[in-house]
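> Residue numbers (this note's numbering), protein chains in the order written: chain A, 1 to 154; chain B, 1 to 154.
You may find that some hints are simply not true.
[Stated by the list, open to error] Some chain B residues flagged as far from chain A (calculated, every beta-carbon gap over 12 Å):
#1 V11
#2 S23
#3 D46
#4 R89
#5 H90
#6 D109
#7 G132
[As the list claims (entries may be wrong)] Ranges of calculated distance between the beta carbons of each label pair, as one might list FRET restraints:
#8 A:E121 <-> B:S21: 45 to 55 Å
#9 A:P106 <-> B:A149: 40 to 50 Å
#10 B:V34 <-> A:T88: 25 to 35 Å
#11 A:D46 <-> B:E57: 25 to 35 Å
#12 B:R47 <-> A:I59: 49 to 59 Å
#13 A:I144 <-> B:E98: 36 to 46 Å
If you are wondering where the hints come from, they were derived from the structure by calculation, not from laboratory data. Using N, Cα and C, we set each Cβ at its ideal position, and we do this for glycine too.
Chain residues, written in single-letter form:
Number of protein chains: 2
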Amino acid sequence: MPREIERKFLVADAGWRQAVSTSLRLRDGLLASVDGRKVRVRCLEDRAFLTVKGPREGISRDEFEYEIPLADGLAMLDHCQGATLEKTRHLVPFAGFEWSVDEYAPPLDGVILAEIELPAEDAVFARPPWLGREVTGRDEYRKITMLRARLARA
Amino acid sequence: MPREIERKFLVADAGWRQAVSTSLRLRDGLLASVDGRKVRVRCLEDRAFLTVKGPREGISRDEFEYEIPLADGLAMLDHCQGATLEKTRHLVPFAGFEWSVDEYAPPLDGVILAEIELPAEDAVFARPPWLGREVTGRDEYRKITMLRARLARA
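Just chain A, with the same shape it has in the complex (with noise of 0.2 Å):
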């Protein structure tokens, strides 16, 4: 069974840009979720993947990913409407692995995620000079909490 292996941390500074190798558009939608099982469509320049997330357990969670024909993957974000957030994700090689920075668009303007997937829940990587503090399952850097948190203050 495929098992997404991620850990999720802060920017202490802006140090990344200078290693970005990619720069990706991507918008997610929120199509359901119920007991920790959540699907998501993600439309990423012009293709589209939607993927089924299990519960988390530690820093692991089952998860199935397929891509989808682009159309369809648009539809289903005018379905998400109010459950959609757009990002841009830079690649940052560092010592073997690949980082992920999120950079978000409002309304989660100005938070910005860096996320690393694991081969193994103890696999060992090296710690690149900008990261900042681990927030991994930190439930207030959970999308749907930031989310609400922002549109709360709006």
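Add chain B to chain A, keeping to what the hints say.
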């Protein structure tokens, strides 16, 4: 955008059994739902499908369906404990349309519903003699409602 246009009926008697062309065993799991959208995984004999349905609008709703590897489908069903349903789907041709007569397994044993998918909302179709009362859109015949009622009685 793909649309599902479907009407659902009770059966008046067992006359449909003589006209069955094929019977398929299938197992459905509700992965997640919100605001009338829902995402379902279906394992049908040796195939599996992931289906995203938009909110119901009269007798229509958006529907996106993708075939996925059977192993993925079975793993997802395992995630849906308590929200899975098994049924035998009998295909019954009548007057140019193919009816699906769904005979549910426990805990919904005894429930039999006939469905027809239409090419347009105003499509004309002939009613087979065994067809009972229409229940399209009736909340008490939604699977989740029937399941809750049955479990409450158990």
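> None of the hints should be skipped; say for each whether it holds.
Now the hints, each set against the structure:
no. : hint                          : in the structure
1   : V11                           : 31 Å, holds
2   : S23                           : 29 Å, holds
3   : D46                           : 18 Å, holds
4   : R89                           : 23 Å, holds
5   : H90                           : 29 Å, holds
6   : D109                          : 25 Å, holds
7   : G132                          : 32 Å, holds
8   : A:E121 <-> B:S21: 45 to 55 Å  : 50 Å, holds
9   : A:P106 <-> B:A149: 40 to 50 Å : 45 Å, holds
10  : B:V34 <-> A:T88: 25 to 35 Å   : 27 Å, holds
11  : A:D46 <-> B:E57: 25 to 35 Å   : 29 Å, holds
12  : B:R47 <-> A:I59: 49 to 59 Å   : 33 Å, violated
13  : A:I144 <-> B:E98: 36 to 46 Å  : 41 Å, holds
The structure is inconsistent with hint 12 alone, although it conforms to all the rest.
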